[in-house]
Amino acid sequence: MKLLKNTWYAAAWSRDVGTGFSTRELLGEPILLYRKHDGAPVAMIDRCPHRFAPLSMGKRIGDGVECGYHGLQFDCSGACSSNPHGDGRIPAGARVRSFPCEDRHGLVWIWAGETSRADANLIPDFSHLVSPALKTVGDQMTQKAHYELVVDNLMDLSHVNYLHAPYQQVDAFLSAKHDVVQHDGALESRRTVPATRAPQSFRPFLDDPDAPVDYWLNIRWQAPGCCVLETGVVAAGQPREQGLVRIGSHVVTPIGPASTQYLYASSRNYRLDDPEADDETARWQQMGFHEQDKPMIEGVQTRMGERDLLSMRPILLATDAAAIRARRLLAAMIDAEAREDEAASVATV
Amino acid sequence: MKLLKNTWYAAAWSRDVGTGFSTRELLGEPILLYRKHDGAPVAMIDRCPHRFAPLSMGKRIGDGVECGYHGLQFDCSGACSSNPHGDGRIPAGARVRSFPCEDRHGLVWIWAGETSRADANLIPDFSHLVSPALKTVGDQMTQKAHYELVVDNLMDLSHVNYLHAPYQQVDAFLSAKHDVVQHDGALESRRTVPATRAPQSFRPFLDDPDAPVDYWLNIRWQAPGCCVLETGVVAAGQPREQGLVRIGSHVVTPIGPASTQYLYASSRNYRLDDPEADDETARWQQMGFHEQDKPMIEGVQTRMGERDLLSMRPILLATDAAAIRARRLLAAMIDAEAREDEAASVATV
Amino acid sequence: MKLLKNTWYAAAWSRDVGTGFSTRELLGEPILLYRKHDGAPVAMIDRCPHRFAPLSMGKRIGDGVECGYHGLQFDCSGACSSNPHGDGRIPAGARVRSFPCEDRHGLVWIWAGETSRADANLIPDFSHLVSPALKTVGDQMTQKAHYELVVDNLMDLSHVNYLHAPYQQVDAFLSAKHDVVQHDGALESRRTVPATRAPQSFRPFLDDPDAPVDYWLNIRWQAPGCCVLETGVVAAGQPREQGLVRIGSHVVTPIGPASTQYLYASSRNYRLDDPEADDETARWQQMGFHEQDKPMIEGVQTRMGERDLLSMRPILLATDAAAIRARRLLAAMIDAEAREDEAASVATV
Chain B
106 MKLLKNTWYA AAWSRDVGTG FSTRELLGEP ILLYRKHDGA PVAMIDRCPH
156 RFAPLSMGKR IGDGVECGYH GLQFDCSGAC SSNPHGDGRI PAGARVRSFP
206 CEDRHGLVWI WAGETSRADA NLIPDFSHLV SPALKTVGDQ MTQKAHYELV
256 VDNLMDLSHV NYLHAPYQQV DAFLSAKHDV VQHDGALESR RTVPATRAPQ
306 SFRPFLDDPD APVDYWLNIR WQAPGCCVLE TGVVAAGQPR EQGLVRIGSH
356 VVTPIGPAST QYLYASSRNY RLDDPEADDE TARWQQMGFH EQDKPMIEGV
406 QTRMGERDLL SMRPILLATD AAAIRARRLL AAMIDAEARE DEAASVATV
Chain H
106 MKLLKNTWYA AAWSRDVGTG FSTRELLGEP ILLYRKHDGA PVAMIDRCPH
156 RFAPLSMGKR IGDGVECGYH GLQFDCSGAC SSNPHGDGRI PAGARVRSFP
206 CEDRHGLVWI WAGETSRADA NLIPDFSHLV SPALKTVGDQ MTQKAHYELV
256 VDNLMDLSHV NYLHAPYQQV DAFLSAKHDV VQHDGALESR RTVPATRAPQ
306 SFRPFLDDPD APVDYWLNIR WQAPGCCVLE TGVVAAGQPR EQGLVRIGSH
356 VVTPIGPAST QYLYASSRNY RLDDPEADDE TARWQQMGFH EQDKPMIEGV
406 QTRMGERDLL SMRPILLATD AAAIRARRLL AAMIDAEARE DEAASVATV
Chain G
106 MKLLKNTWYA AAWSRDVGTG FSTRELLGEP ILLYRKHDGA PVAMIDRCPH
156 RFAPLSMGKR IGDGVECGYH GLQFDCSGAC SSNPHGDGRI PAGARVRSFP
206 CEDRHGLVWI WAGETSRADA NLIPDFSHLV SPALKTVGDQ MTQKAHYELV
256 VDNLMDLSHV NYLHAPYQQV DAFLSAKHDV VQHDGALESR RTVPATRAPQ
306 SFRPFLDDPD APVDYWLNIR WQAPGCCVLE TGVVAAGQPR EQGLVRIGSH
356 VVTPIGPAST QYLYASSRNY RLDDPEADDE TARWQQMGFH EQDKPMIEGV
406 QTRMGERDLL SMRPILLATD AAAIRARRLL AAMIDAEARE DEAASVATV
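Chains as they are written, first to last, in our numbering: chain B, 106 to 454; chain H, 106 to 454; chain G, 106 to 454.
Quick caveat, the hints were computed from the structure, so don't treat them as lab data. Please read all numbers here as calculations on a predicted model, not as lab measurements. Glycine is no exception: its CB is placed at the ideal position from the N, C-alpha and C atoms. Mixed in with the good hints, there may be bad ones.
Unchecked claim - Below, computed lysine-lysine pairings styled on DSBU-like, alpha-carbon distance capped at 30 Å:
#1 B:Lys164 - G:Lys282
#2 B:Lys282 - B:Lys399
#3 B:Lys164 - G:Lys249
#4 H:Lys240 - H:Lys141
#5 H:Lys249 - G:Lys282
#6 G:Lys164 - H:Lys282
#7 B:Lys249 - H:Lys249
#8 B:Lys249 - G:Lys249
#9 H:Lys107 - H:Lys249
#10 G:Lys282 - G:Lys249
#11 B:Lys399 - H:Lys249
#12 B:Lys164 - G:Lys164
#13 H:Lys399 - G:Lys164
#14 B:Lys249 - H:Lys164
#15 B:Lys249 - G:Lys399
To be verified - Examples of chain B residues toward chain G, derived with CB under 7 Å:
#16 Gly173
#17 Tyr174
#18 Gly193
#19 Pro196
Stated by the list, open to error - Footprint (simulated), chain B over chain H, 3 or more residues, beta carbon under 8 Å:
#20 149-155
#21 173-179
#22 187-199
Next up, chain B with everything else stripped away, as it sits in the complex (with noise of 0.2 Å):
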């Protein structure tokens, strides 16, 4: 499973990350991930490079980490600080790797790649997820299935129409303008359905729910699996600033070749103290996420079984536009730093 490296990965929710250990597989490596006393995440591989034993299984001693089986311990840098057996000393390697990990908009993210070049300027904008002009309402699953299945799944969402009718079915829809645009290696594919009837997910915020509305969909998708959906609507002809808008946020991080970690939530700009709107959400959430969407996708995986998308060619629509470019831009991204990789490897002979 060949991964992007240089890139922050979503690890948890930063709610989910507490000062206990909490071990997720993620990147085929399991992650311990805890809180320094300040608050601060942590990131490390789950295994004492003793005995590889899983550090979960030991305990914290202030800030690291003590091996729950021949008690090395370990600082959160993932340095062995402590050997407590022959004369103390501290066996040369005796490290485990650590990951540069960063809290923000409520999501822990870690740096996959070399740690001189982690920069959390770089961490996808997901403020809207922490925006008091917002109410955000989410969750995560694990999806059987490929990250980038995942990924297509989104960014083709003609399939709203057929797997998610008739609650946010758009009749108009497929017919709809449809941009793709890209910048900074960023992917936008936008939609607008003018003058529509309002789809059945927005109704019941609506004063008048029959009144035409503007309908728009725009996602946004940054390698390798943020993606970020705004949708809204708006009085026919007026400016969508006096819509309902809701930003969708989907992110997900592979777990292994079939499996990944899918993180998701809604951010809507109207009713936010209303836990009715919230109810809502989260039955949408559970209805299209976990009984549409996440059938289908393990369904396609189980079809696919271990071969690779591309490699079966598939039939290519209009609508496959977004996805395949994210999928050719992914993999432009991953062979130039395998390319770099090499460069750097004989430039050091």
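Got chain B sorted already, so can you dock chains H and G onto it with the hints?
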């Protein structure tokens, strides 16, 4: 898993294929089965060529299928009939592989090879299954074993005296006259036990259960996995036409390398309207096939692991003649097909 | 999985082998175990050489086995003794591999190498298990881990202070005098803690639990997986003969690459007829071996996946001396066997 291609495989009992979708893994592929409005069965790969979604998660549109993910439609031949996206043009190659499919003698058959060579006259004769002169009771199971192990079990009936004792045991059976006859690629193994005690399974239906009978078992195999077993008893010295006869149908279709669909039935020429005789048959099938054959055949598979039987150099006994010949005939047919494919590909260069 | 062949492996506790068939997966093979009428244990591959049926699905005929599929019979040496088919001739090569098998010291041992080299005098000495001067309590479990990981656990007793604290912890343990001695292919790791507080596991059995004791732990490993652990306490300065002593038996047999049969027992020289002391031992085995060692060892295996420990370049500490030497001794013995086999095959050309 190399399979014979230009042949008919039983996909299901006819009664189990309806107008709704069902999917079975057969021949290493997920196969979607349903009936058209005129009742004709349809079989196609359960995988959309666009994004590889299971078509069975979509819905029927007329006699065709609409994919539940992005709405492509396919007719019952597998050709794409509608693309709701962009300009609606049907992409070249938008086609699902479908199988020539026939409903015959209570079984739905699919042709696994070239469509142009599918000939319904080649479907093995199972007309006894629907004969009004016989009463048939049957069902199905999955055997977690290679399909040739299930055929081996049938083609070496000497196991009856051990695995199925005491119900089917006949003391003189092992020393009975035994012929193996080959004709037209089919193989027949015939055993006759003259003037013996009737086996337990016939005794309740004989006027004098203790009178000596001539007892016979003929099993006929046709590649790759169709077996017809005729067993009968008649008063010693009388013509077989006057006897009690059961025609066993044993139809196996490979699912994968160690998994087999096994359809079985028993058709008798006596007590046609006797529910008690039906129950007796069903009880025997449960005991003999599910509780005795299945654990043994699956035990053999477990002991073989991923190895091939002949590569393990089994000891060969006199009773193995029919099973080993069937294996060799089948291997030769598969090899001949491979050579034919190769010649064809050379010819087209 | 390369295993040492010319050696005795413990197949089972003697009490668990009776006149009926039982099958255990050991050394990568299914092994049929039972006792002859004279009580001698028999071990053979649980697979008929005819059609590879599990012999355990058959039945006993005298001291031999009748296959339940087609009725071949084998005597307890594995030679075919009866073929009920055809002319009844016994085919050449109709033989099940059997293992030299001995019942000694409460364990059934099998010899995995050449039969001609099986020498019961080479069975490791576990006579303490049946000594009338000791009381033994033991049981068994399966560890989902490579057998060398289980041996590692035993050969590096420094884990006691972490994994088994507080029950077995002795503060001065880590700084105790520690020798590793090799003799005749066996390895002994000896630790002595003079004038210390008795470990909790001995305290209930001491007249004055708070009086200082000399405490010792000696563990002896014999290839491939037999460990004997002697732990004792005696009033400080007194001869060990006057002390409380427990002899731990830890006998591991590979099942497969990440699965191990682990037989364990504790034999004590005090309170021989005290059921409360028996219960105390069983409770400790449950807690220490099942609830502490097992999850840790299996956690290590999980973190290693299919990799070999040494190929992962573990950090080596002073306490690893015995375990690493045991691994290297065993690897050298396996290599020597391979070279010997090669030389033999050249010699016979």
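Here's how the hints hold up against the structure:
1. B:Lys164 - G:Lys282: Holds: lysine 164 of chain B and lysine 282 of chain G sit about 28 Å apart, inside 30 Å.
2. B:Lys282 - B:Lys399: Within the cut-off at roughly 28 Å; holds.
3. B:Lys164 - G:Lys249: holds, 24 Å
4. H:Lys240 - H:Lys141: Holds, at about 29 Å.
5. H:Lys249 - G:Lys282: violated, 57 Å
6. G:Lys164 - H:Lys282: holds, 28 Å
7. B:Lys249 - H:Lys249: holds, 25 Å
8. B:Lys249 - G:Lys249: holds, 25 Å
9. H:Lys107 - H:Lys249: The given pair, whose Cα atoms are some 18 Å apart, holds under the 30 Å limit.
10. G:Lys282 - G:Lys249: Violated. Lysine 282 of chain G to lysine 249 of chain G sits at ~33 Å, over the 30 Å cutoff.
11. B:Lys399 - H:Lys249: holds, 29 Å
12. B:Lys164 - G:Lys164: violated, 54 Å
13. H:Lys399 - G:Lys164: Satisfied, since the Cα-Cα distance of roughly 18 Å is no more than 30 Å.
14. B:Lys249 - H:Lys164: holds, 24 Å
15. B:Lys249 - G:Lys399: The given pair, whose Cα atoms are some 29 Å apart, holds under the 30 Å limit.
16. Gly173: This hint holds: glycine 173 of chain B lies near chain G, its Cβ roughly 6 Å from the closest one there, short of 7 Å.
17. Tyr174: holds, 6 Å
18. Gly193: Violated: closest Cβ of chain G sits about 9 Å from glycine 193 of chain B, beyond 7 Å.
19. Pro196: holds, 5 Å
20. 149-155: holds (count 4)
21. 173-179: Result for this restraint: holds, n = 5.
22. 187-199: holds (count 8)
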